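> Residue numbers (our numbering), protein chains in the order written: chain A, 1 to 310; chain B, 1 to 556.
Treat the hints as calculated values from the structure; they're not laboratory data.
Predicted, not measured: the structure shown is a model, and the values here were computed from it.
Some hints here could point you the wrong way.
[To be verified] On the chain A side, residues computed to face chain B include the following (Cβ under 7 angstroms): (1) 132; (2) 204; (3) 256.
[As the list claims (entries may be wrong)] Per the computed footprint, the stretches of chain B lying under chain A, defined by three or more beta-carbons under 8 angstroms from a beta-carbon of chain A, are: (4) 430–444; (5) 459–473.
[Unchecked claim] Distance ranges between label pairs, derived from CB positions: (6) 20/A with 34/B: 54 to 60 angstroms; (7) 297/A with 130/B: 42 to 48 angstroms; (8) 214/A with 492/B: 54 to 60 angstroms.
Cβ atoms here follow ideal geometry from the backbone N, Cα and C, with glycine treated the same way.
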Amino acid sequence: MSVAYLFPGQGSQQVNMLHHLPDHPVVQKTLDEASETINESAILLDSESRLQSTVAVQLCLLIAGVSTARVLETLEVKPDMVAGHSVGAFGAAVIAGVMDFKDAVSVVKQRGEWMEQAYPKGYGMGVVAGLPLKQLEEILENHTTGEEDVYFANLNSPDQVTISGSVTAIKRVLASAKEGGARKTEMLNVSVPSHCPLLEPVSENLASTLNQISFHRPTIPYGGNRTARALRDPEAIKDDLAFSVSRSVKWHQATSLFYELGARLFIELPPGRVLTDLSCRAFPSARSISVSDSGLKTAQVLINRMQQTQ
Amino acid sequence: MINVVGVKQEVPARRSWTKRRDAKAERLTGMKDIASGKVIPTGRIVEALESLIVPGDRVSLEGNNQKQASFLSAALNQVSPEQIYDLHMIMSSISRPEHLDIFEKGIAKKVDFAYAGPQSLRIAQMLEDGKVKMGEIHTYLELYSRLFVDLIPSVALVAADKADNEGNLYTGPNTEETPTLVEATAFRDGIVIAQVNELVDELPRVDIPGSWIDFVCVADKPYELEPLFTRDPRHITDLQILLGMMVIKGIYERHEVQSLNHGIGYNTAAIELLLPTYGEQLGLRGKICKHWASNPHPTLIPAIESGWVESIHCFGGEVGMEDYVRARPDVFFTGKDGSMRSNRTLSQLAGQYAVDLFLGSTLQMDQYGNSSTVTSGRLAGFGGAPNMGHDPRGRRHSTPAWLNMMTSDEPLARGRKLVVQVIETFQTGNTPVIVESLDAIDVGRNAELATTPVMIYGDDVTHVVTEEGIAYLYKTTNMEERREAVAAVAGVTPVGLQHDPKRTDQLRQKGIIAFPEDLGIRRTDAKRSLLAAKSVEELVEWSGGLYNPPAKFRSW
Numbered sequence: 001m002s003v004a005y006l007f008p009g010q011g012s013q014q015v016n017m018l019h020h021l022p023d024h025p026v027v028q029k030t031l032d033e034a035s036e037t038i039n040e041s042a043i044l045l046d047s048e049s050r051l052q053s054t055v056a057v058q059l060c061l062l063i064a065g066v067s068t069a070r071v072l073e074t075l076e077v078k079p080d081m082v083a084g085h086s087v088g089a090f091g092a093a094v095i096a097g098v099m100d101f102k103d104a105v106s107v108v109k110q111r112g113e114w115m116e117q118a119y120p121k122g123y124g125m126g127v128v129a130g131l132p133l134k135q136l137e138e139i140l141e142n143h144t145t146g147e148e149d150v151y152f153a154n155l156n157s158p159d160q161v162t163i164s165g166s167v168t169a170i171k172r173v174l175a176s177a178k179e180g181g182a183r184k185t186e187m188l189n190v191s192v193p194s195h196c197p198l199l200e201p202v203s204e205n206l207a208s209t210l211n212q213i214s215f216h217r218p219t220i221p222y223g224g225n226r227t228a229r230a231l232r233d234p235e236a237i238k239d240d241l242a243f244s245v246s247r248s249v250k251w252h253q254a255t256s257l258f259y260e261l262g263a264r265l266f267i268e269l270p271p272g273r274v275l276t277d278l279s280c281r282a283f284p285s286a287r288s289i290s291v292s293d294s295g296l297k298t299a300q301v302l303i304n305r306m307q308q309t310q
Numbered sequence: 001m002i003n004v005v006g007v008k009q010e011v012p013a014r015r016s017w018t019k020r021r022d023a024k025a026e027r028l029t030g031m032k033d034i035a036s037g038k039v040i041p042t043g044r045i046v047e048a049l050e051s052l053i054v055p056g057d058r059v060s061l062e063g064n065n066q067k068q069a070s071f072l073s074a075a076l077n078q079v080s081p082e083q084i085y086d087l088h089m090i091m092s093s094i095s096r097p098e099h100l101d102i103f104e105k106g107i108a109k110k111v112d113f114a115y116a117g118p119q120s121l122r123i124a125q126m127l128e129d130g131k132v133k134m135g136e137i138h139t140y141l142e143l144y145s146r147l148f149v150d151l152i153p154s155v156a157l158v159a160a161d162k163a164d165n166e167g168n169l170y171t172g173p174n175t176e177e178t179p180t181l182v183e184a185t186a187f188r189d190g191i192v193i194a195q196v197n198e199l200v201d202e203l204p205r206v207d208i209p210g211s212w213i214d215f216v217c218v219a220d221k222p223y224e225l226e227p228l229f230t231r232d233p234r235h236i237t238d239l240q241i242l243l244g245m246m247v248i249k250g251i252y253e254r255h256e257v258q259s260l261n262h263g264i265g266y267n268t269a270a271i272e273l274l275l276p277t278y279g280e281q282l283g284l285r286g287k288i289c290k291h292w293a294s295n296p297h298p299t300l301i302p303a304i305e306s307g308w309v310e311s312i313h314c315f316g317g318e319v320g321m322e323d324y325v326r327a328r329p330d331v332f333f334t335g336k337d338g339s340m341r342s343n344r345t346l347s348q349l350a351g352q353y354a355v356d357l358f359l360g361s362t363l364q365m366d367q368y369g370n371s372s373t374v375t376s377g378r379l380a381g382f383g384g385a386p387n388m389g390h391d392p393r394g395r396r397h398s399t400p401a402w403l404n405m406m407t408s409d410e411p412l413a414r415g416r417k418l419v420v421q422v423i424e425t426f427q428t429g430n431t432p433v434i435v436e437s438l439d440a441i442d443v444g445r446n447a448e449l450a451t452t453p454v455m456i457y458g459d460d461v462t463h464v465v466t467e468e469g470i471a472y473l474y475k476t477t478n479m480e481e482r483r484e485a486v487a488a489v490a491g492v493t494p495v496g497l498q499h500d501p502k503r504t505d506q507l508r509q510k511g512i513i514a515f516p517e518d519l520g521i522r523r524t525d526a527k528r529s530l531l532a533a534k535s536v537e538e539l540v541e542w543s544g545g546l547y548n549p550p551a552k553f554r555s556w
């Protein structure tokens, strides 16, 4: 049976998240590499004030995920497949050996900056839970006017999705969804309409930047955000990293594919347990744990045991 | 030489009538150095497959929802794609990752199957990406029958428990589909390879004669076996108990249902566990539910122990039920060695043709009673449910239940098989089960299937049971009345909300729908305390310690 690593995206950040990483030389080395790339001390990125910016958030998530996976590697455990939610995909790409960590840091920093600059105000994201996807799709169609667009952003589970677009359109959709019987409808505290065509220019910029760095064949399959396929071709992964920011993230499908490929242990890298909660619900017969909650030792024991089970 | 006056005729070249046999002999010559007699050494199986299979072959790989020829499927995944490619795979069930890996590698190209639940997203993706060429999604019986018509295998890869040096196979409780796959291949000069858990001098009994088998190979580990038909009674809800009471009172008793098949689920587990309690209170023992075409469901143990069940013929075994079945030969089909004999093809046939009733559940049903379990983006197929969940129109053996479905006194009037769908009107997550139109229509269109993947067609459904009541669809006289009957028991789903409550009383008076109170059932009586066993431990106790549940069902 296989082990999948899952790298969380925005929304999972926590104040002091870098300070909570294990005291391990590999963590220090990872922080140093990041600091060198961004020309400032990376450990300072996880303060409450710095995390107001998506740039710091995205960098912190990348650093936390990669450094923890590297610590696990020193304990001689490795995943059989990797996927990351949104910006988490960069951590997944690094651990799959597709791109160097420093390259990832530099691209993620720019990604954050471009996203921040794209829509200074009037745009954002919302979340809807407990409404069948088909019903929500009809609501979205009814509320997309051409001027005030709203789109599916993250398809996290069959009954939990986020939507992106103009704030007024999102609010209208949330109201209709509530009326239609949704269990939960909420605006998210983000000002960037991620994962929808409004961010096409960010994708274009990312594509040309990613083209200038070297990509390698992944050592293990990488779960694509955009197509939910298990990717093994470096060009396809590059494409996914560039264009997923302007397309829906098919998270539920990507992890379901991993389950079908034999994953029975899902390990969420720090911070938090957002993806663990999704996996627990989606795959009751698999085991899902977050390193933040369960610790490195538990992860190591479970990974070893899972990979020995056939 | 025939001479016709004035015409000079040429004799056609002599045609060979043994091409298949000759081709098989040719393939076998390469095996002289690999196999010793019929036995292929474990470590040389990949080499053997490369020697016996040729590109484009039709390969029948054993694997259904329970038993898997997992050693042979792993070996097939290791053959050289340069040497073996474009295979046409025929599989009851696409269950294991390597079943599709072989398509990604180009070893296989086309597939015919009946069920792909465990790989349903991946196969949909691969079809969309052009990595798999779709034959058809069959039902079990259609797939098995086609093995004898136009999908005759060149090679069959099957699994057995034990073999001897002559190639005789012991398949024991999990005989399942092995005899069918072997027969279709062996008697048309195909090649049959069986993986076995062990090679022995003497078999407990011979399930498949060695003259049908070309090669056996001892697997590196026992074939995979899934305990698919075990339901833990702890998870049965009060609502499912209410549904079960309605079924027993409003259908089994009313129509005197004596022989039946149950699909697998908590609804059916509830019914099975209500027979010795609620059924007993109604005095129905010996009158209903005597003969079964079903797997040895552990939840049937209390009914068997309290004398309800006369016979059960099984599609396959169930992990943990071996010793119990062995100790109850009056109920189960067993061999001289004492262990069970199953046969998927024959039990499916029995479930289709011979029983009074099929009862199952679905994820979605439209307002005319058509149902499907397909969900968007997935391509799963339905295995055996469509075989049992329909009325075989040519049937004529009359039983009380079958005759009870007659709604006219025309001289040529016939009875019907009872096809019952038991559903809760909402799934978890606020998703209505009764809908205006099936998701399957979009799925079929997107996957370019020739027909919409419907599991059970509405015109075959005789009864729909929901927590609201029973719709006796067989009594409806036209589509509009059928739609109204479904809507009347559809609760607060969109279909139910459109229903005119005034019509409900008329339908009740005509006996087309019945509420629990019409059947003398009080909703408040539907409690878990009615279950004959409320946990797996209690099932073990009922069995006198003979049922040995797999580890994942042991909570103690």
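> All the hints need checking, so say for each whether the structure fits it.
Hint by hint, here is what the structure shows:
Checking residue 132/A against chain B: minimum C-beta separation of about 5 angstroms stays under 7 angstroms; hint holds. Annotation: residue 204/A was flagged as interfacial toward chain B, and the flag is violated, the nearest CB pair being 25 angstroms apart, outside 7 angstroms. Among the interface hints, the one on residue 256/A holds; its C-beta lies about 5 angstroms from the nearest C-beta in chain B, closer than the 7 angstroms criterion. Only residues whose C-beta sits within less than 8 angstroms of a C-beta in chain A count toward coverage, and the region 430–444 of chain B has 4 of them, enough to reach three; the restraint holds.
A count of 0 residues in the region 459–473 of chain B with a Cβ less than 8 angstroms from any Cβ of chain A is obtained; the coverage claim is therefore unmet, three being the minimum. One distance hint, 54 to 60 angstroms for the beta-carbon pair residue 20/A and residue 34/B, holds here, with the actual separation near 59 angstroms. Distance hint for residue 297/A and residue 130/B: a CB-CB separation of about 45 angstroms, consistent with the stated range 42 to 48 angstroms. The supplied range of 54 to 60 angstroms is met by residue 214/A and residue 492/B, whose beta-carbon atoms lie about 58 angstroms from each other.
Going through the hint list in order, the structure does not satisfy hints 2, 5.
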